[in-house]
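Asks: Given these sequences and hints, build the entire structure.
2 protein chains.
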Amino acid sequence: MKKDEKKHRNISELGEFGLIDHITKNVKINHKNTIKGIGDDAAVIDYGNVCSVVTTDLLVEGIHFNLIYTPLKHLGYKSVVVNLSDIYAMNATPKQITVSIAISAKFTVEHIEQIYEGINLACQHYNVDLVGGDTSSSLTGLSISITAIGESKKEDIVYRNTAKKNDILCVTGNLGAAYMGLQLLEREKEIFKANPGTQPSLEGYDYILQRQLKPEAREDIISLFDEIGIKPTSMIDISDGLSSEIMHICKKSDVGCKIFQDKIPIDLNTEKMGKEFNIEPLIAALNGGEDYELLFTIDINDLEKIKDYKMIHPIGHIADKEHGAVMITNSGQSIELQAQGWNQLKDEE
Amino acid sequence: MKKDEKKHRNISELGEFGLIDHITKNVKINHKNTIKGIGDDAAVIDYGNVCSVVTTDLLVEGIHFNLIYTPLKHLGYKSVVVNLSDIYAMNATPKQITVSIAISAKFTVEHIEQIYEGINLACQHYNVDLVGGDTSSSLTGLSISITAIGESKKEDIVYRNTAKKNDILCVTGNLGAAYMGLQLLEREKEIFKANPGTQPSLEGYDYILQRQLKPEAREDIISLFDEIGIKPTSMIDISDGLSSEIMHICKKSDVGCKIFQDKIPIDLNTEKMGKEFNIEPLIAALNGGEDYELLFTIDINDLEKIKDYKMIHPIGHIADKEHGAVMITNSGQSIELQAQGWNQLKDEE
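For the protein sequence lines, the chains are A and B, in the order given. Going by our numbering, the first residue of the first sequence is number 57, and it counts up by one from there. Going by our numbering, the first residue of the second sequence is number 57, and it counts up by one from there.
Just so you know, these hints were derived from the structure itself, not from any lab. Treat the hints loosely; a few may be bogus.
Copies of the same chain are indistinguishable here, so a pair counts whether it falls within one copy or spans any two.
Keeping only pairs whose Cα atoms sit at most 30 Å apart, straight-line, the calculated DSSO-like set for lysine-lysine is [stated by the list, open to error]:
#, residue 1, residue 2
1, K220, K328
2, K377, K331
3, K314, K88
4, K162, K245
5, K162, K84
6, K210, K88
7, K270, K319
All of these numbers come straight from a predicted model, not from anything done at the bench.
Replies: Below you can see the structure in the form of structure tokens.
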């Protein structure tokens with residue numbers, strides 16, 4: 057790889073989203089059955105009777121997971137779940153996955169078995185077929201690439217770019233817990249490094265650890281939509297933090313929004329951990345990521361239909377673009393949301 | 057990642073194919089539209105009017121490519137081509153791809169642009185839509201994961217496991233050139249290491265270099281089958297060397313075969329390079345890999361239809377399983393073929 061005389065820009069100048077925009081700006085779609093390409097949780101291919109919904113993720117050791125505290129079985133499980141979450145975010149049902157793994161010499165057959173135990177468990181739990189993949193060597197560590205394929209009728213698919221003024225913004229479950237789990241694991245790692253004899257003190261933290269190490273995808277919400285006859289007007293899964301996902305919906309839909317701090321669902325365990333760690337739980341919810349909850353908008357007339365479901369939380373509404381994407385704090389201040397997102401590419405500086 | 061007290065086996069004990077067999081032996085298929093799972097060039101999903109054919113590959117720096125001598129644009133192009141080759145090997149037409157890339161801090165925006173230039177060029181050349189993907193950091197180098205999605209009518213799809221006795225075994229193009237190209241590049245790398253001032257002497261080797269650095273997939277052959285009304289009885293692409301691919305067809309189809317040394321197509325450039333490097337071109341053809349030609353069987357009654365096409369070479373025929381998979385040498389000896397395959401996992405020892 058030679059550096060030629062042309063100016064070379066550091067990737068951090070663009071950031072992750074900027075880089076993706078930059079490299080995909082010239083991409084052309086030629087097949088008329090490609091009804092959604094880059095720019096949503098998944099691509100959509102129309103096969104006539106049904107649409108196929110396709111998403112892919114590449115997880116790399118040291119970036120997306122740390123094997124010091126991630127059990128391999130959990131890693132296999134989570135690798136599948138994060139992809140299925142993208143399929144559900146299209147209001148589709150995952151049916152198949154492929155798994156490619158690159159492994160270095162430090163891994164044994166039993167390690168690979170543990171990863172596949174987790175993968176198979178997720179396949180069972182979500183009723184998904186493992187249909188293909190690839191296993192190869194790596195010089196330096198573990199990489200896992202998963203592609204998930206789902207199905208939906210064309211008219212049922214929900215995109216990011218179709219939210220409209222006055223729609224109600226909702227999130228499922230609660231936010232920020234996975235981030236708190238990660239902070240706990242990182243703390244214990246540092247303590248262990250300083251005193252290799254110590255045992256990690258993880259008792260009483262089951263919930264936030266489970267949210268970080270073994271998250272679940274919101275299959276139940278997609279089933280519920282079907283059951284109660286709701287089609288969200290837009291949807292995205294929360295992998296990079298609430299702020300970032302709200303910004304995606306607003307940008308793609310060309311709208312603004314107003315959300316309310318006191319409506320953002322945060323679990324008691326997350327609050328408790330926040331106090332202990334001196335991390336504002338709200339920041340964890342807005343920018344932490346890895347919650348794998350769903351963020352969606354519904355027509356205001358559908359609000360009645362969801363009001364009895366405790367796992368769905370209306371947090372605000374869609375507004376004109378001119379209003380921006382703002383959060384009204386508990387003290388009544390209006391704060392512009394920041395797409396903190398996932399800044400690994402910047403962290404490399 | 058803890059080593060527990062259970063016995064841990066080195067992956068090299070199983071080898072690549074053994075490892076894949078081992079980890080996939082418990083995989084169950086639950087959806088009736090998954091008509092082919094693991095075990096062919098691609099998985100097949102039935103959508104009623106049409107089937108979707110899906111394949112994926114994960115390419116890792118230092119294992120599948122060496123950036124010392126691989127131009128990034130070529131790497132992008134080749135990464136797409138190796139996946140499309142798997143789609144053609146199912147007698148299907150590729151339509152969409154997704155691309156995930158993990159990059160370390162040594163890469164600039166311009167480097168990524170070069171990779172995507174190659175990816176976009178391949179998409180144009182093969183009329184494929186880039187529909188999704190992922191970009192993330194890596195601590196150690198470049199990984200590229202591509203999933204290709206193709207289409208075919210259910211009745212047109214060709215599998216590995218359907219070769220039958222007396223079918224004619226054919227290969228397209230010529231074999232062993234990509235391996236010779238790799239040897240040349242490796243030699244120049246060593247010379248450069250010893251004398252960093254020297255320029256590589258690659259003149260006159262265009263053909264074998266192109267076969268290694270910028271291979272093409274056999275779209276033309278799939279079109280030809282359609283044109284002349286042939287459906288192969290089995291097919292596979294040659295990524296790991298002729299021997300290995302023949303063994304796959306024989307094992308999956310539960311048959312044996314007899315091929316003839318003097319029928320194996322080897323280009324004059326490959327012969328010439330073989331002499332220079334003291335590498336038997338036949339060994340490069342049998343075990344070299346990365347040719348991305350097609351190996352297929354046809355009913356003996358179809359032999360007439362292909363005889364005028366110079367890019368198709370009948371090399372032998374399918375026999376009863378009891379005869380094994382053998383090659384008759386020019387001196388009349390019968391040699392059992394060995395599935396040398398792709399032994400990176402063993403090389404790690």
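Asks: Does each hint hold? Answer for all of them.
Replies: These are the hints, each one checked on the structure:
no.	hint	in the structure
1	K220 with K328	neither (36 Å within a copy, 67 Å between copies)
2	K377 with K331	neither (36 Å within a copy, 70 Å between copies)
3	K314 with K88	neither (37 Å within a copy, 45 Å between copies)
4	K162 with K245	both (20 Å within a copy, 28 Å between copies)
5	K162 with K84	between (42 Å within a copy, 29 Å between copies)
6	K210 with K88	both (14 Å within a copy, 21 Å between copies)
7	K270 with K319	within (26 Å within a copy, 55 Å between copies)
Hint compliance for this structure: hints 1, 2 and 3 are not met, and every other hint is.
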